[in-house]
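Produce the entire structure from the sequences given, and follow the hints as far as they go.
2 protein chains.
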Amino acid sequence: MGSIKDNVLTLETLNPNVIELEYAVRGPIVIRATELERKIAAGETLPFKKVVKANIGDCHATGQQPITFIRQVLALCTYPSLMDSAAFPSDVKAKAKRILDNCKGQSVGSYSDSCGLSVVREDVAAYISARDGFPSDPNNIILSTGASDGIKSILLLLLTGKGGSDRAGIMIPIPQYPLYSAVISEFGAYPIPYYLDESDSWSLKLSELERAIGEARPHCKPRAIVVINPGNPTGSVLKKENIQEIIRFARKEKLFLLADEVYQHNVYAEGAQFFSFKQVLMEMGEPYDTMELASFMSASKGYMGECGFRGGYAEVINLLPEVRAHYYKSISAKLCPPVIGQAVIDCVVNPPVPGDPSFELFQKEKDFVLAQLKEKATLVTKLFNSIEGISCNEVIGAMYAFPRIYLPEKAIQAAKVAGQSPDSFYCFALLEETGICTVPGSGFRQAPGSFHFRTTILPQVEELTQVLTKFKEFHLNFLAKYK
Amino acid sequence: MGSIKDNVLTLETLNPNVIELEYAVRGPIVIRATELERKIAAGETLPFKKVVKANIGDCHATGQQPITFIRQVLALCTYPSLMDSAAFPSDVKAKAKRILDNCKGQSVGSYSDSCGLSVVREDVAAYISARDGFPSDPNNIILSTGASDGIKSILLLLLTGKGGSDRAGIMIPIPQYPLYSAVISEFGAYPIPYYLDESDSWSLKLSELERAIGEARPHCKPRAIVVINPGNPTGSVLKKENIQEIIRFARKEKLFLLADEVYQHNVYAEGAQFFSFKQVLMEMGEPYDTMELASFMSASKGYMGECGFRGGYAEVINLLPEVRAHYYKSISAKLCPPVIGQAVIDCVVNPPVPGDPSFELFQKEKDFVLAQLKEKATLVTKLFNSIEGISCNEVIGAMYAFPRIYLPEKAIQAAKVAGQSPDSFYCFALLEETGICTVPGSGFRQAPGSFHFRTTILPQVEELTQVLTKFKEFHLNFLAKYK
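Top to bottom, those sequences are chains A and B. Quick note on full-length UniProt numbering: the first sequence kicks off at 1 and runs consecutively. Quick note on full-length UniProt numbering: the second sequence kicks off at 1 and runs consecutively.
Worth flagging that the hints you see were computed from the coordinates, not collected in a lab. Worth double-checking, as some hints may not be accurate.
A pair counts as met if it fits within one copy or between any two copies, since identical chains are not told apart.
Quick list of in silico lysine-lysine cross-link-like pairs, PhoX-like style, CA-CA up to 20 Å [claimed, not checked]:
# : residue 1 : residue 2
1 : K39       : K49
2 : K416      : K481
3 : K205      : K239
4 : K162      : K221
5 : K329      : K152
Quick look at the structure:
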């Protein structure tokens, strides 16, 4: 008889790094939300008619419409017979032709080079050069399967391959995007958490970086620092002086810089501005401009929100040539990122310009999405700060709010009884009573004794207004219940 | 001054697993081939006018045309405004609508579940059920970014997370597809090579499995066995009895079965037939039908050859529920495979049937590709066996030939002087003199003292004939030169 004890994989024999790995954005609360969606679909009566998935930055899922120009280019790349159709503007045709001419056999069904199509890499480099005012080399551009894949491929290089205090230490902000903690777990590396200052708009303090690395040094070999700017989940945007401090710190401590800049198009607040790490590092000149830096970008965020196409890229500068050769080799076994996702990236970094037939519509659609996000950022910040027991830093950029919730002692006790962290307990109650699915702050990590949750600002304005009203009602009831 | 010694990453500090990792299909010879292509494009005169990339199974790159039905479905999924166009048949529209209805916000730009869209998983399960005559559960289907990603995600589970003799041992065939050795290096696992019997059509012998695991046991914990069927690079197809033997062996040794079945549509020789591991295992009944098995499939091979879309799936059976939960969690941080690649998979597993408007053209295109591959398999086998100093097992399936070359002693000495393995020396000479890019057998590993190379059978028939003529000429000159 084949009995359970015959299994190769049990909890005792499964890779312990896999057991440790957590990814809260798709964690238990999301699994429960999906169950509730199924119940509704099956006709069950719940306290709400719809589950609102505010757990994940999934733009199109919440009703955001694709950018016409992008989808037209992709359609022509996919089915070139449409090149003859009068329904497609000439610049769309030219863009698709340029991409197809760069594909082997003129098909997006052939593999590209592992680093991506050369025209896309050239267009990315031109975009970065124009953005920063410093030249970017197409040979430093590596296209990836979403930004996540690019981030993993860099962290892989930094592993020391040994256990114990020889493990690579990776500095990550707290709160952080949980991809980082997940990959660090998977790789058996050592996370070095540094806390962002919630009392000062989630700013990044040099003294905290010093504390964090000092405490971690006996346990690991510090190798890299991750900075997320604009911040996920915090919604903050770093000032130039702050970036300079981080770069000086990284040089002093000999750390590889990883700049997660996937929200570079998502800055809303008046006066706030995105500065790339590359630009600041180049402006600082010697000896900083020879530091190793990887900056990551994605097709999934910004105004396009094309998550499903899994497009992304990294600019990786100042690698030693022999290290770069090993890096390129290491990504070659993955063959290549999705070619059609590379085409999305090309549309983003090299969009229509004034005079192009597609320009007007493109600009209108782009502006609309960004204006809506700006409106929603304000709406969410205001609402949260108007409620008793909640405080929320201004959503300056990215697509999320990360409000702090002050929970009554009785609620904390009730959570204990339920075997949940207080913020999970709160978020589960929110889901069960209102259908609003958020992610508990513990999924992103948070300062001890503080509780938060992350919500996207993505639902369409009208829906978001209703969601916030429902949320307020829930929250006040929750406070009353556990007073 | 920022000098080189300031770099975080040097050959001394780079992850040693990355240094060790090799992926010959995109190795040094391919880098050289790309250089030669650039020289030709720049107008340089070389002994040939074109580089023939016979190194990689990249169907569309060699002129194979996409299947119309697939591309039409993808175009509608990408740009749904085309739904109104009379140029698309009704079954194409219905398929695209079914996929879009399953996407959040009806957009392929939204994330799917990490395991993939439910309709695609259901269609895959129905395809497997019909293929094998045994039920397949959609909950066991995990879509992936090409088959490679699925393979990595399973091997990750099997790692023991420790070094030395505690490392997970993974049995791999020799010759093998170098993804396996690359991933094993990256993961710091221990490869357990078992040799296929070249003198008997690359068959897999039980005694060799016993030898291999016996010798490896002091050095690792054997955890899994990889079988590639149809074989890459060997072109062999396993007989059912052979699969039964492997399954019995895996059960006896408590090994997780990984069946790389991406060439399941590519069987050419009369009388040869593909049997899936799942089918054989189910037929064998207790206690075998409760064994853990992962079978991998890809959108990149078969008759469709849609490599660039990075579609793939795994069927993973008999995992313990608690292990499966960790597995699903471990893939969730990657968010999801490309949604449009999932749509390709859906077209492959649920294609038009007789009576559908697209059926006739679909069948004609599919039959044409497979008939051409069959013709080329015969052509290649015959030609290689007609040349002095070469022997080649029949190309029964997959897309490659792996001929053995008997090199003169003087050539082996010349290779030594050049600091190359004899087969690399031979393949580099072939490239420099004829423009034909193949992969040396050492990239796939081979029995000590034997030399091979892998070539695809993908160039179009007329070009392939010319390539083979040029190859024969080169080979005879090479023999004469080093006689």
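Taking the hints in turn, this is what the structure says about them:
| no. | hint | result |
| --- | --- | --- |
| 1 | K39 <-> K49 | within (10 Å within a copy, 64 Å between copies) |
| 2 | K416 <-> K481 | within (16 Å within a copy, 81 Å between copies) |
| 3 | K205 <-> K239 | within (12 Å within a copy, 65 Å between copies) |
| 4 | K162 <-> K221 | both (11 Å within a copy, 18 Å between copies) |
| 5 | K329 <-> K152 | both (15 Å within a copy, 17 Å between copies) |
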